[in-house]
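> One-letter residues, chain by chain:
There are 2 protein chains.
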Amino acid sequence: PDQKAVGQQLREEWSRYNSFPKPSGARDFKEGQTVTVHGFLARKRIKSSKLAFADIQIDNGPAVQITSSFQEPDSPGHAANQALRSIALYSPVSVTGTVARLHFDTQTGQAQSPCVDHENASSRPGSFPEHVFRIDLDLQSIQPLNVFPKDIIVSKGVQFPPSARHLQVRFSDPLRTRLLVRPQIAFRLRQSLNDLAFTEVETPVLFKSTPEGAREFLVPTRRPGLAYALPQSPQQYKQMLMASGIRGYYQFARCFRDEDLRADRQPEFTQLDLEMSFATGEDVMRTVESIISDLAVFLDSDFCVVDEGEETYLAPRKSLKAKNREDSAPGSRYMMPPFPRMSYEEVMTRFGIDKPDLRIPFELHRVDHILPRSFVSMITHLENPIVEGFRFRPSSGEGSEVSMSGFVDELMRTLPPALAQNPDGAPVALVVDSSKPLRGLSPLGFEGAGALESGEAPGFGDLEDGDVVVFQARQDKSFQGGSTALGTFRNLVYQAAVSKGLLPKDRSFKFLWVTNFPMFTPDNETDPGQGGQAGFSATHHPFTAPLTDEDVELLATDPLKARADHYDLVVNGVELGGGSRRIHVARMQEYVMREILKMTDAGVAQFSHLLEALRAGCPPHAGFALGFDRLVAVLTYTDSVRDVIAFPKSMKGEDLTVKSPGRVTKEQLETYHLTTFPGKN
Amino acid sequence: PDQKAVGQQLREEWSRYNSFPKPSGARDFKEGQTVTVHGFLARKRIKSSKLAFADIQIDNGPAVQITSSFQEPDSPGHAANQALRSIALYSPVSVTGTVARLHFDTQTGQAQSPCVDHENASSRPGSFPEHVFRIDLDLQSIQPLNVFPKDIIVSKGVQFPPSARHLQVRFSDPLRTRLLVRPQIAFRLRQSLNDLAFTEVETPVLFKSTPEGAREFLVPTRRPGLAYALPQSPQQYKQMLMASGIRGYYQFARCFRDEDLRADRQPEFTQLDLEMSFATGEDVMRTVESIISDLAVFLDSDFCVVDEGEETYLAPRKSLKAKNREDSAPGSRYMMPPFPRMSYEEVMTRFGIDKPDLRIPFELHRVDHILPRSFVSMITHLENPIVEGFRFRPSSGEGSEVSMSGFVDELMRTLPPALAQNPDGAPVALVVDSSKPLRGLSPLGFEGAGALESGEAPGFGDLEDGDVVVFQARQDKSFQGGSTALGTFRNLVYQAAVSKGLLPKDRSFKFLWVTNFPMFTPDNETDPGQGGQAGFSATHHPFTAPLTDEDVELLATDPLKARADHYDLVVNGVELGGGSRRIHVARMQEYVMREILKMTDAGVAQFSHLLEALRAGCPPHAGFALGFDRLVAVLTYTDSVRDVIAFPKSMKGEDLTVKSPGRVTKEQLETYHLTTFPGKN
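In the order they appear, the protein sequences are chains A and B.
Going by this note's numbering, the first residue of the first sequence is number -11, and it counts up by one from there.
Going by this note's numbering, the first residue of the second sequence is number -11, and it counts up by one from there.
Please keep in mind that the hints were generated in silico from the structure rather than gathered at the bench.
Some hints could be false.
Each pair may be met inside one copy or between any two copies, as identical chains are not told apart.
As the list claims (entries may be wrong) - Quick list of in silico lysine-lysine cross-link-like pairs, DSS-like style, CA-CA up to 25 angstroms:
| # | residue 1 | residue 2 |
| --- | --- | --- |
| 1 | Lys35 | Lys144 |
| 2 | Lys424 | Lys35 |
| 3 | Lys138 | Lys640 |
| 4 | Lys424 | Lys10 |
| 5 | Lys144 | Lys306 |
| 6 | Lys647 | Lys586 |
| 7 | Lys586 | Lys640 |
| 8 | Lys654 | Lys586 |
| 9 | Lys138 | Lys35 |
| 10 | Lys32 | Lys144 |
| 11 | Lys647 | Lys424 |
| 12 | Lys586 | Lys(-8) |
| 13 | Lys424 | Lys32 |
The structure presented is a predicted model; accordingly, all values stated were derived computationally and were not measured.
Between the sequences and the hints, there should be enough to build the whole structure, so can you do that?
Given below as structure tokens:
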């Protein structure tokens, strides 16, 4: 009997929220007709004892505004009014009412008259008529379908803790909109690739450990000593598909790296992975340009930039959120192909970074030939340094020397330690100011200032008051790694200038190919590499083809000088992805592994499946991997991939929402014949 | 100098296969014009010393036939002819020649005259003009791009070992075609769901272990004692998305189960996972029917059935492979919605199986009321059994008693042990034969045979010579599990009858919803379940909602009698997927976990993220998961999901191509603070 009472109680609670009327279909939305909609109670405005308004929020649907008024007490209208008042804000509800008005999207600029084609409209429950962005309903009845608790406080721009990701997605327009745009970008890319006769192929996630370059996650099996590994990329499988006769492969592939997470990296990420047979790197670059430009055309026509407080994001043109939208002239936002191409050497020389932001309106120039020794020895302890510099000119027209020197002071005060404590010297920034001796350039001395003013160093001519000139020394040796100190500082100056309004916010996207990377890189301590004995590892992976015949010869004589047929795609200072032509001749691949990288027999044997596939008449092939999270982040104007991933991991690799990773039990480990070290855990 | 020689040698080998002319674009294919195509040398026919033909195979492209002839020795034509002869068959080649003829696909039945619209044709290298299915070229030159080795023997229908999956994909038309059709099916499903305002959301693969039902793979982390788990499905994440305000979610999700693999299961598989908020199970069933019927219309219009020897598969109508195609009248192959619905009770009664094949033209009927005791005690030791049977009538019109008794004899001889040694008795099959006493029904005795003939048992009236009547006893108790012995036998009879030509091959697809499953199932030893102390576990997962108010009450009083709002989609005897309405009220969910399943506090705490999400005003929701590998297998007429997965795992969970799982080293395990048991490994 007690159990029965519990059942009765549960039944009552459940049935209160369990049964609800079906929603209407698009065809039903005629003025004067009774319809039902489902959504969240988003806003209530109580005007008087007999009049109230409320908004119903419907994901991926129009806004619904309801009016609740009544004349007679104890009428159905009265009951509905009372129900509306009593339902907690943000609760899910089912609303039945009379259509008072349909608001049409007149901004789409379409020729047809805005009205509902009821005859052809969908009768599917939950569908809405096209081109309607708002519906006004006179309330007949409202039913809560669950209750939003009072202890959760919602306010504009609220940041919920990461454990409440569901609330953040619900209440942050930028976040939710980015999650909606993401699959549309993926779908458009799929369309383009299908049109190009590519085939999407799913490859295994349960792979095995191979010395490809990064550290892999292991997945123990119940067979003692055997484990799968999660793939760092589908690289080897896709090359096997090329040997299988597939002309074009692509996949939105989940990839995994058990690395110490650097800023804005995720242990699992999605890449648009592709590979083409009978193709060179050139063919792949053209293909990537083609799908990127298809995407740009789509984004330009269907989406607009929304500014909401601090946030900038991309929203569907049709959505209500486009109130604050910036309508650029179509075609102006995205660079169209062919994208410029520069070698690693060139970008390091011109921008001091291997992923330059081409929106930045100033480049690096070498200036040591015009600088007096005294100045050089002031800015560095190096004996024979290279000194480079740039000139930054604010575009605002303001630029009084006061604000500019304040700008420079703040920049120098907040310099990151790597720049401030650089053993080769910190950057030096001078503000051009006619009211000062030597126009503010006195540290350069009379001669140096004169040479600068006279344009003897390119990039510095015609100095104006308010210009900032920057100098930085570095060692006189060939470029290595991703950036120089000055390259890093140049990015900082640009970001600071934009945030201070000294340069306009630039919403355009400037693409760039960076090519001619070195094939091998000396071993370091962070990357496991291929574990060979050569003292260096493949820069990208051991399957990358050499660039030219000359580079093939260098393999045997001076491998660190050999360049690879590798290409990186960069946009606005962000590396979107990289690719390469692969070695398609088995003997060459084995030679690189065995003789150049000096891998052991056991190491080479780990790749036997790939060598077998190449040996079976594999055609020439090349490919690319586009960081999809990164692409969506850049295109929707956020710096963080966490803003485009529904359930991202923290910097420590934790999912703070579901609290993963979790503690494993002794029993779970025993299933896999494993145990933690004695004394551990 | 030695190193230099090696470099020189490598350079020569590499450059032989490295540089090759660009392929032509669709626009270039005009008769008389010189074009270049890339592909595999697929067939050579040497006609004379001066004349040879060859086929070039191009994935996802038209067939290319080349003619090589020459008059003058030492002419370019002579050189090309010699090159063609010398290149090993199946090698990748670049071919340059003059377009002799374009063959147009006249079978598509399109109104427009078949010709190339050169003005609008693509200039993209590697593209081909539309509607051209074969191109004849007069050979000018041919260059090998790698060499196919002599030791790999290719013959029609060859089965390569699993380690050479790349060769199987290259040389098996059915396999390669299925891999090409698979993404087209996925793309069509995406289109339908996008049209229904669903949003594709990617959820984490690095999840955590929760007692949801199946055994999960663990992924150790470098933090001692902590591990991720691979998701058995995105169930919990998608429910959190419903709490996040997403109206419709879907994902082609990779899922993982560390189970002992039964026939044709994979440790990783792809499911089309979807969830709808403000929705009931009814809404989800309608939605699934809608996307399945969109898909059916697409497959009907763009694909046809190909019979090639033993193999039946689906191929694009436009492809050359459609030579042997069976063109059914559009619309006849796929059942259109609404699909029939039957309860678990009904399908077990009528078909003896919870995933009945509706193509089978005979049902089970209860017959114990007309059978003499003597016969019943002959077929079973059970005291008060239920006896069911069916009548199978061959449709061929042949069916002489000789062949039918041979058919039955063979069936009984090859009975699987579970049926032959069934403690409740084996099936009994009699062939109706007028030339024999009591028309072959003498085991039934005069009375039983008479009752059967007179139609006292439904399904047995109007017996004809050649009919087979089957009887099987079972215990008189309520249904449990997936099938009865007679249900299994019915499937065997059907399959044998089709393979012997006694029933026609049925290429149609008959869908069915099975509903009203029990909410809980007594614990067994194979499934971990939810680890509660109740002695039973949730049949599907602990989030499934009860079906009716009555079932809610049964939760507290007699939970094993409660039915769930769960639905399975079945086609042709295959379970395509299942779904359910979920519990969306936090208190109810916690009650089920804590009070009904008797989970521990720690167990319930594992689901705290989900309970929190439900508590935050989560709307009612329901969903579905469609086994995508299985769907593609069924639709392309294969019994095995291995035929629709590029790199499938074996029954032991091994990828025999790349040889995963691999042996882990002590050092790898140490990274994760793990070690194998002393004495193990």
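> State for each hint whether it applies.
Hints versus structure:
For a Cα distance limit of 25 angstroms, the shortest separation of lysine 35 from lysine 144 inside one copy, 22 angstroms, qualifies, whereas the shortest one across copies, 81 angstroms, does not. Within a single copy, lysine 424 and lysine 35 get their C-alpha atoms no closer than 65 angstroms, and across copies no closer than 92 angstroms, so neither meets the 25 angstroms cut-off. In this homomeric assembly, lysine 138 and lysine 640 never come within 25 angstroms of each other (Cα to Cα): the closest approach is 32 angstroms inside a single copy and 53 angstroms across copies. For the identical chains of this complex, lysine 424 and lysine 10 are neighbours neither inside a copy (77 angstroms) nor across copies (62 angstroms), given an alpha-carbon limit of 25 angstroms.
In this assembly of identical chains, lysine 144 and lysine 306 lie within 25 angstroms of each other by CA distance solely inside one copy; the values are 23 angstroms within and 56 angstroms between copies. Taking the shortest alpha-carbon separations for lysine 647 and lysine 586, only the inter-copy value of 23 angstroms comes in at or below 25 angstroms, while the best intra-copy value is 43 angstroms. For the identical chains of this complex, lysine 586 and lysine 640 are neighbours neither inside a copy (35 angstroms) nor across copies (34 angstroms), given an alpha-carbon limit of 25 angstroms. Taking identical chains as interchangeable, the C-alpha atoms of lysine 654 and lysine 586 lie at most 25 angstroms apart only when they sit on different chains, with a minimum of 22 angstroms there against 40 angstroms within one chain.
When the C-alpha separation of lysine 138 and lysine 35 is checked against a cutoff of 25 angstroms, the pair qualifies only within one copy, where the shortest distance is 23 angstroms, while the shortest distance between copies is 87 angstroms. Within a single copy, lysine 32 and lysine 144 get their C-alpha atoms as close as 15 angstroms, which meets the 25 angstroms cut-off; across copies the closest is 72 angstroms, which misses it. Proximity of lysine 647 and lysine 424 under a CA criterion of 25 angstroms is satisfied in neither setting, with 60 angstroms inside one chain copy and 74 angstroms between copies. Proximity of lysine 586 to lysine -8 under the C-alpha cut-off of 25 angstroms is restricted to the inter-copy arrangement: shortest distance 18 angstroms between copies versus 75 angstroms within a copy.
When the C-alpha separation of lysine 424 and lysine 32 is checked against a cutoff of 25 angstroms, the pair qualifies neither within a copy, at 62 angstroms, nor between copies, at 85 angstroms.
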